[in-house]
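First to last, the sequence lines map onto chains A and B. Using the numbering used here, the letters of the first sequence correspond one by one to residues 1 to 291. Using the numbering used here, the letters of the second sequence correspond one by one to residues 1 to 359.
It is possible that part of the hints are untrue.
[What the hints assert, rightly or not] In silico lysine to aspartate or glutamate, EDC-like type, Cα no more than 20 Å apart, as pairs:
1. A:Lys111 x B:Glu296
2. A:Lys184 x A:Asp171
3. B:Lys205 x B:Glu337
4. B:Lys39 x B:Glu290
5. A:Lys278 x B:Glu290
6. A:Lys54 x A:Asp121
[Stated by the list, open to error] Partner residues are not named here, just some residues of chain A that face chain B (Cβ under 8 Å, in silico):
7. Ala79
8. Pro82
9. Asn104
10. Val143
11. Tyr262
12. Phe268
[What the hints assert, rightly or not] Stretch-level coverage of chain B by chain A, calculated; a stretch enters the list once three of its residues show a Cβ under 8 Å from a Cβ in chain A:
13. 133-141
14. 145-155
15. 319-332
Simulated from the structure, these hints should not be mistaken for laboratory data. Cβ atoms here follow ideal geometry from the backbone N, Cα and C, with glycine treated the same way.
Take a look at the letters that make up each chain.
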Amino acid sequence: MQNFISALGLGSLYGLIAIGYTMVYGILRLINFAHGDIFMLGAYFVFFATIQYKLPWALGVVIAVAGATLCGLLVDRIAYRPLRDAPRISALISAIGVSFFIENLSVVVFKGMPRQVLQPDFLTRPISLGDVKLIPLSIMVPVISFALVAALLWMLYRTKPGLAMRSISHDIETTRLMGVSVDKIIALTFAIGSALAAVAGIMWALRYPKVEPYMGITPGFKAFIAAVFGGIGSVPGAMLGGLALGFIEIMSIAFFPTLSGYRDAFAFVLLIIILLVKPTGLMGERLEDKI
Amino acid sequence: MSGMTDKKNAFRDNTMTLLAIAALAVFLWQAPRILDGYKVRIINLIAINAILGLSLNFIYGIGGMFSLGHAGFMAIGAYVSAILILTPEQKIAMWFLDPIAPWLLNLHAPFLVSLLAAGFFAAFFGWLISLPVLRLGGDYLGIATLGFSEILRVLIMNLTPITNGSLGIKGIPAHTSLWMSYGILVAVVFGTVRIMNSNFGNVLKAVRDDEVAAKTMGIDTFRTRVLAFSIGCFGGGIGGALMGNLITTIGPTMFTIAQTYSILMIVVIGGLGSITGSIIGAVLVTTMLEWLRFVENPLTIGSLNIPGIPGMRMVIFSVLLIAVIIFRREGIMGMREFSWNWFFSLFGSSKPTKGGERV
Numbered sequence: 001m002q003n004f005i006s007a008l009g010l011g012s013l014y015g016l017i018a019i020g021y022t023m024v025y026g027i028l029r030l031i032n033f034a035h036g037d038i039f040m041l042g043a044y045f046v047f048f049a050t051i052q053y054k055l056p057w058a059l060g061v062v063i064a065v066a067g068a069t070l071c072g073l074l075v076d077r078i079a080y081r082p083l084r085d086a087p088r089i090s091a092l093i094s095a096i097g098v099s100f101f102i103e104n105l106s107v108v109v110f111k112g113m114p115r116q117v118l119q120p121d122f123l124t125r126p127i128s129l130g131d132v133k134l135i136p137l138s139i140m141v142p143v144i145s146f147a148l149v150a151a152l153l154w155m156l157y158r159t160k161p162g163l164a165m166r167s168i169s170h171d172i173e174t175t176r177l178m179g180v181s182v183d184k185i186i187a188l189t190f191a192i193g194s195a196l197a198a199v200a201g202i203m204w205a206l207r208y209p210k211v212e213p214y215m216g217i218t219p220g221f222k223a224f225i226a227a228v229f230g231g232i233g234s235v236p237g238a239m240l241g242g243l244a245l246g247f248i249e250i251m252s253i254a255f256f257p258t259l260s261g262y263r264d265a266f267a268f269v270l271l272i273i274i275l276l277v278k279p280t281g282l283m284g285e286r287l288e289d290k291i
Numbered sequence: 001m002s003g004m005t006d007k008k009n010a011f012r013d014n015t016m017t018l019l020a021i022a023a024l025a026v027f028l029w030q031a032p033r034i035l036d037g038y039k040v041r042i043i044n045l046i047a048i049n050a051i052l053g054l055s056l057n058f059i060y061g062i063g064g065m066f067s068l069g070h071a072g073f074m075a076i077g078a079y080v081s082a083i084l085i086l087t088p089e090q091k092i093a094m095w096f097l098d099p100i101a102p103w104l105l106n107l108h109a110p111f112l113v114s115l116l117a118a119g120f121f122a123a124f125f126g127w128l129i130s131l132p133v134l135r136l137g138g139d140y141l142g143i144a145t146l147g148f149s150e151i152l153r154v155l156i157m158n159l160t161p162i163t164n165g166s167l168g169i170k171g172i173p174a175h176t177s178l179w180m181s182y183g184i185l186v187a188v189v190f191g192t193v194r195i196m197n198s199n200f201g202n203v204l205k206a207v208r209d210d211e212v213a214a215k216t217m218g219i220d221t222f223r224t225r226v227l228a229f230s231i232g233c234f235g236g237g238i239g240g241a242l243m244g245n246l247i248t249t250i251g252p253t254m255f256t257i258a259q260t261y262s263i264l265m266i267v268v269i270g271g272l273g274s275i276t277g278s279i280i281g282a283v284l285v286t287t288m289l290e291w292l293r294f295v296e297n298p299l300t301i302g303s304l305n306i307p308g309i310p311g312m313r314m315v316i317f318s319v320l321l322i323a324v325i326i327f328r329r330e331g332i333m334g335m336r337e338f339s340w341n342w343f344f345s346l347f348g349s350s351k352p353t354k355g356g357e358r359v
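Use the sequences and the hints to build the structure in full.
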């Protein structure tokens, strides 16, 4: 049961980050390497707001999400938009550069050492459910994640910007001809992805109570793998892939404790297997190369 | 151009190449006498980075396969070479947490043999990984190779009887001299030029430029790419082994994604597909990374005190990478190569020039 809850929590965090990857990839066919670093920035912002400047938690969360969203928008504007018509690999190299930049700038600005995040009391006071003891945080993480995904799905399938997003992912040129301001919609996509990553970053910082400049790399890659696993381009798929990855990680260590040293390799092995067996993932559409 | 001038040019070009190599030899002979150890080390690093850049350029620029796994192949090369060079006594002393696997204990080989073994091991692993992942294209290939190098790093951390885990291997004899690194660099450059001008080179470029068209011409595109990938990994392994023998200490933290990024930077700055470009890129990136250390040290100009900012050089480095890819995507050389024709045309010779064309 304990393992189930923690797998659910980890999985939904992977899922939240994966959504940002899958939405950007669905529209631009770009692996946004900087996404994991936006996640890290979200965690740092909430750390500074609440612990350094002693702001209330609610305000800190708002500031962190807004700050990370702004960073995501800036990344798109500065590093990706000039390369919209360039070969895809150029944009990918730019993404690698941005990721490298954010990490190193964070080392300079935030200093390299990990910092302790004080968990607020109301999230850690254990409550008993029958014979299982839980802290509210471990329930809060999946609940918030699922609520956000539900809201996002509503936005994608019931609102105009959502329609525009789905349409861009099918055919960017035709959508432009239909009078949609493509750059704005792409910016909105980055904003949503970054906001979700920031929320995930905040919850991550609370779960493993510390922040450090390189904390985004490994979860970022794993979330990307989750997005591929779920079928890149599909939001429900990303969430599903994230949950699956969370369960695979936690359960394989629970059953085979000797493998715990290899924990970080599981996801990459999974990636190579998926890419070979079913590159479209669980819920992805087939992308044919045009000749 | 008539056959006569062609022959004359070929003679002139060969002479110039020999002269250039002789000049390099004189430089290498004099360098340790006039420069301090730190500068010699940087000159060594330039050669190693050039080898690494050339090998990644072979995979990505010439072969069109976006690989982010180069640090992994370097790690294979560095570990294979280190394990072969160390004597059994040194190994027993080094692996004190977990004894070294018995079959590795008595393996011992001279430096050059270990270098070749490093290359072949890296090429073997490259071949092994390329069979599944080269069925993917573009960015998926990049992610899969990156995944491979991460898996490798986790393995190095955990397979203590072979790799000594996170302790790494220390006290590798410093075999990488200037003669060694530049000798190998010259060999790698000539090898690459020969391959580029061979039939295989043409086939490879055809596969890169249009896979479908190459297939219709009856080329086995998959085999071509697998072979090119393995050759590139060979270079990565050699580069890693030279690096290990220069720094004398290796560990799993040395071969991270950041290492791959800096090789990628060399290739991108120099120009994808250009051999000359990779060498220029290696010189620029290596010297710049060292030179940028000054921003990390406290600086005093007159009465002005500027405190050093640790980590700042990597920030500048990444800004440069982004700037190059946005403003000058083709790098310094583009796809062009250095040629003596172009060189002489600089001095305003009246001959019709083939300025900057492929050699």
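Which hint numbers does the structure go against, in order from smallest to largest? 5 and 10
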